[in-house]
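A.B. asks: Protein chains in written order, with numbering that gives the first Met the number 0: chain P, 0 to 176; chain C, 0 to 664.
A few of these clues could be false.
To be verified - Which chain P residues face chain C? A few, computed with CB under 8 angstroms, are given here:
id : residue
1  : Ala56
2  : Asp58
3  : Thr64
To be verified - Simulated crosslink set (DSS-like; lysine-lysine; CA at most 27 angstroms straight-line):
id : chain 1 : residue 1 : chain 2 : residue 2
4  : C       : Lys534    : C       : Lys569
5  : C       : Lys423    : P       : Lys22
6  : C       : Lys317    : C       : Lys267
7  : P       : Lys22     : C       : Lys445
8  : C       : Lys37     : C       : Lys130
9  : C       : Lys184    : P       : Lys71
10 : P       : Lys71     : C       : Lys189
Note that these hints are calculated values from the structure, not bench results. Note that this is a predicted model, so its numbers are computed, not measured. Glycine residues also receive a C-beta, built at the ideal position from the N, C-alpha and C atoms.
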Amino acid sequence: MAKFTDDTKRRLDALIARYPTSKAALLPALWVAQEVYGGWLPPEAMQEVADHLGVPASDVAGVATFYTMYNKRPVANHRIEICQNVACMVNGADELIGYCERKLGIHAGEMTSDGGFSVERVECLGACCHAPALMVGSTYYENATEQTIDKLIAELGNMPSESVRPPQSQMPEQGEF
Amino acid sequence: MVGTPILTRDSWELNIVMSTQNGPDRPKTAAESADVNKVVSETKAAQDAGIPMVNLVVDGKPVSVPKGSLVIEAAFSAGSDIPYFCYHPRLTSVGACRMCLASVELEMFGQRRASIMATCTIPAADGMVVKTTTPDVKKAQNGVLELILANHPLDCPVCDRGGECPLQNMTISYGPPNTRFIEDKRRYVKALPISEHVVLDRERCITCMRCTRFASEIAGDSKLGLINRGAQSEVGPFLGGTFDSNFSGNTIEICPVGALTSRQFRFKGRPWEVKSSDSICTKCSNGCNIAVGHRMGEVVRINGRVNEQINEEWTCDKGKFGNADVNAPERLTAPLIRDAHGVLVETDWDTALSAVITNMQFVSENYGANAIAAFGTTSGTIEDNVLLGKLIHGVFSSSNLAYQLTQGPRRLPKATIVSVESAKHIVIVGMDLAYDQPMYYLRSVKAQRNGATVITVKTPSELAGANLTSESVVLVPDTLSASDYEAIQAISSEAGCDYSVLVSDANGYGPYLAGFDGADARVEDLHKGLSASEKANEVLNGLASGAVKHAFVLASDPVGTYADGQLASKAFSADAFVVVTSQFMNATAANASVVLPIASFAETAGTYLNVDGQLQTVDAVVPPRAGTRPQWQVLLELNARAGNPLPVFNPSDVLPAVLMQGGSE
Ligand code: SF4
Ligand code: SF4
Ligand code: FES
Ligand code: FES
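Throw the hints in and build the complete structure from the sequences for me.
C.D. replies: Encoded structure:
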């Protein structure tokens with residue numbers, strides 16, 4: 000079932016206009032689609048992008064699955080993404096992930112049954128100097144400890160989702176890049 | 000890991016020396032040889048044609064290759080060998096597998112330096128010095144293969160590709176005999192069907208992207224893609240879909256491993272016991288060149304064979320999996336004759352053939368020569384038609400050789416398969432080119448990649464809005480009505496362009512070459528065009544009115560296929576004595592007095608004239624299915640029984656006779 004509205008299409012057209020070919024607008028177009036589809040990209044979303052950009056659907060799927068920050072499964076309201084790379088790992092990322100898993104009763108890569116939280120192992124967040132680092136939505140939590148986890152779960156529990164990244168406000172408008 | 004033997008660096012390096020049989024004489028699959036042959040012959044042709052060349056040295060041998068050739072191609076032309084997987088002479092380069100490493104020395108930043116490069120991505124340039132056999136190159140090749148094999152299941156004993164596998168070949172010639180990897184390999188569901196014809200084994204895939212490039216560049220439908228990345232990369236149709244393309248079978252052939260295999264051929268035999276014989280596909284008019292694989296008399300698979308004028312090296316799925324027809328259990332395997340109760344019952348050949356001749360003689364004596372009629376075949380060979388003409392016209396003196404091709408002009412198309420490739424504006428009227436004229440379609444994809452516009456209109460009247468110019472190539476099916484052809488003629492002649500009617504059957508014009516339908520044509524005449532004839536209508540009316548008492552229908556189904564279906568079914572429900580030769584039961588055969596079961600295309604010999612006028616002769620590949628006979632044998636026997644013994648048939652004898660003397664004499 001198509002979800003792109005006229006407004007979505009206008010946004011896509013504006014993106015397409017920035018590039019020499021419509022295929023080149025694929026990455027930002029997928030961000031828009033991910034937002035429209037509630038934070039992830041089901042095959043229908045990829046198909047809609049393909050149709051609107053005039054790019055084969057198999058190419059869209061290739062790109063969407065290549066990048067880990069496009070979600071291919073429904074996502075939790077709040078995605079706790081914990082860095083597992085070297086700096087964070089030596090500073091206790093694994094223990095932090097374990098704590099989070101036990102606290103929420105799920106494994107990394109899963110989400111809670113109410114769809115409230117998920118825990119994900121991610122690659123370097125660029126915050127190595129304050130390892131271990133994690134992020135929820137677009138908010139960073141550095142020098143994270145078990146208390147950080149407790150606190151953010153308690154605080155975010157009732158808040159609406161901010162799972163779509165990057166927030167549209169941060170996306171450059173016409174003429175940038 | 001207690002007890003797991005781990006190779007030491009020393010024993011590893013020692014093993015490199017053990018690779019055997021490398022170089023140009025290494026073991027090669029037919030496809031690998033075809034790749035090299037194509038490159039070498041194109042280089043030769045370019046040398047002769049005076050195309051701009053570049054000069055370089057490969058393994059000490061100077062070679063000059065057309066500008067734009069890749070280093071790997073220059074190496075082939077110089078007689079050297081470079082192992083490869085993702086390189087394919089008909090696909091763009093991606094450098095996905097890294098197998099083609101060789102040392103390339105060239106001028107860089109004012110200095111000559113040599114480095115190991117992927118030669119399928121580097122255009123050959125003047126002054127390059129390429130070395131393919133140095134210890135460094137060997138080590139690099141070993142390393143790449145060791146990495147490719149790190150995740151490859153090596154389940155060759157149960158792999159359909161085993162025995163004709165480029166990965167096996169490259170490994171024996173250029174690979175390490177051992178591996179240092181002791182980790183688990185990736186595991187997937189083994190045989191995943193991705194379409195009616197193709198099964199995918201992701202464990203075996205080496206992500207060379209040949210299949211995905213084929214889908215986007217050659218088939219033009221992008222029905223296969225690559226998802227995820229790194230070791231998780233998988234090939235497949237768009238998420239959750241199926242690989243429904245009319246060209247899916249080609250990916251099985253170009254996959255350099257057993258990742259894409261044929262569901263039909265699966266476990267039907269080891270490749271080395273499958274004999275391969277050259278043949279021509281007769282599933283449509285294009286006449287693709289094929290290699291029919293057979294094992295113990297059974298056709299088990301069909302592969303493409305190179306013919307640059309027609310199919311390059313591809314086939315469509317209709318042809319590729321066309322052996323289903325040959326092996327179909329529904330095939331007729333005994334002659335049928337109508338008994339006293341009016342029911343078709345099985346009989347033996349002698350009874351059936353003498354019933355046919357007895358009736359012909361009776362009719363000709365009692366009602367005159369023209370009470371006998373014959374319908375020519377567009378699926379059989381030219382020789383079949385000639386031999387039927389000899390019987391009906393030569394022996395029984397009937398002039399009723401009927402056959403109806405199309406309501407449009409009866410001439411070979413101006414637009415040949417090859418010519419479509421360089422067209423600028425292609426307009427297709429009322430057909431699905433990919434399914435109806437597959438090789439025209441593949442060339443139109445090529446043209447489109449070179450910037451041509453390709454449009455399809457549903458009806459002739461929409462042609463008016465197609466912006467025709469004198470350069471337009473208009474492709475039209477042979478199934479439209481007379482008024483449609485008039486409309487197309489009017490619109491295209493106004494634009495100053497021609498239009499090409501493309502026949503659908505393997506031998507669409509064959510009956511004309513044998514003197515059917517009032518024609519007594521040579522191939523040149525077909526290029527010019529034949530004048531209209533009412534013969535088929537005349538004979539059908541004669542049948543309907545009872546004037547024609549005996550009709551011999553050669554491997555065709557006028558009731559099911561003639562434009563005036565009503566007239567045809569009326570004609571064939573009258574009480575004439577009707578003889579039909581056929582591989583399967585059909586609408587015309589169902590009403591016949593005698594049905595003669597004939598051999599399939601793989602079991603008979605003869606000549607076909609393809610859609611754009613190319614004559615191709617084939618031999619039988621396997622013996623006919625028990626109970627059936629090749630049509631030419633049936634017709635020879637009928638001629639003999641009618642008192643016209645002909646010399647033993649040989650396609651190459653009959654054909655010149657047709658072309659030199661006209662058919663039916
Ligand atoms: S399936 Fe075969 S052709 Fe396709 S990428 Fe994998 S190895 Fe290459
Ligand atoms: S295009 Fe026609 S001749 Fe070629 S393989 Fe297909 S059916 Fe056979
Ligand atoms: S390693 Fe964790 S933020 Fe860089
Ligand atoms: S053949 Fe050159 S990288 Fe694959």
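A.B. asks: Of the hints given before, which are not true for this structure?
C.D. replies: none
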